[in-house]
Amino acid sequence: TDTEAELALVKELAEKDGAFRCVICSHFSEGSKGAKDLAEAVVAACAQTNKFKFLYNLESSLEQKIETIAKQIYGADGIEFKGNSKEKMELFEKQGFGNLPVCMAKTPLSLSDNPAKKGVPKNFTIPIQDIKLSAGAGFVYPLLGAVTTMPGLSTRPCFYDIDIDADTGEIEGLS
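For the sequence shown, our numbering assigns the number 8 to the initial residue and increments by one for each residue that follows.
Treat the hints with care, since some could be wrong.
As the list claims (entries may be wrong) - Distance ranges between label pairs, derived from CB positions: (1) Leu16 / Ile178: 32 to 38 Å; (2) Asp24 / Asn106: 20 to 26 Å; (3) Lys78 / Glu19: 37 to 43 Å; (4) Lys18 / Gly126: 46 to 52 Å; (5) Pro115 / Lys23: 25 to 31 Å; (6) Gln79 / Lys139: 41 to 47 Å; (7) Asp174 / Asp24: 21 to 27 Å; (8) Ile178 / Gly103: 43 to 49 Å.
Calculated from the structure, these hints are not laboratory results.
Positions of the beta carbon are idealized from the N, C-alpha and C atoms, including for glycine.
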C-alpha cells in the first residue's frame, strides 16, 4: 500500500544517511524475482572496499576481547565469569580458537545483562554465564545473563498466531 512517492522518500533518506544502496524488495509477494534487485545491491556492496576495524586486536585473548566490548560498548565496570565459563573459554583458546572474533549474546532490552536496567546503566559488572563456540561460523559467543540465542525471535513468536481451520484445511495467521 506504499505509494511510489513514499518509497522514493525512504530510498532518498536511506542513501542520504549513508546506505550503500536502497532498493525496493517485494520477495514476500513475488518470491525470488522480487528480491533480485536486493541481491544485486548486496553483491555490489560486498565488492566495495570498507574501513571496518575490530574494536579489539584479534590476537588478544578471548577474555580481553570480551572485557573490551563490555567496557567500551556497554559501559560496564568489568566482567565476571560464572560457573565453568572461564574454563570453557580457556579450552577454546587451547584448541586454537582464541583468535576468533567475539559476538556477545545478551538481552536486546538493555546495555547490561539485565533487561530491567534501561537507558545507560552505571556501576555494573557483566556476568558471563556461559561461553559457546561457533567454529564453522568463525566466532565465540559469551552468554550474558539468561538469554535466548536463536536470533530474530520476538518476545512472543508468531507461531502462536498460526492455525489450521479444521473445516477448510486452510492455514490461518501467516500474514
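Going through the hints against the structure:
1. Leu16 / Ile178: 32 to 38 Å: Holds - the Cβ-Cβ distance for Leu16 and Ile178, about 35 Å, lies within 32 to 38 Å.
2. Asp24 / Asn106: 20 to 26 Å: violated, 34 Å
3. Lys78 / Glu19: 37 to 43 Å: Since Lys78 and Glu19 have Cβ atoms about 38 Å apart, the given range 37 to 43 Å holds.
4. Lys18 / Gly126: 46 to 52 Å: violated, 33 Å
5. Pro115 / Lys23: 25 to 31 Å: holds, 27 Å
6. Gln79 / Lys139: 41 to 47 Å: violated, 22 Å
7. Asp174 / Asp24: 21 to 27 Å: For Asp24 against Asp174, whose Cβ atoms are near 49 Å apart, the range 21 to 27 Å is violated.
8. Ile178 / Gly103: 43 to 49 Å: Because 47 Å falls inside the window, the suggested range holds.
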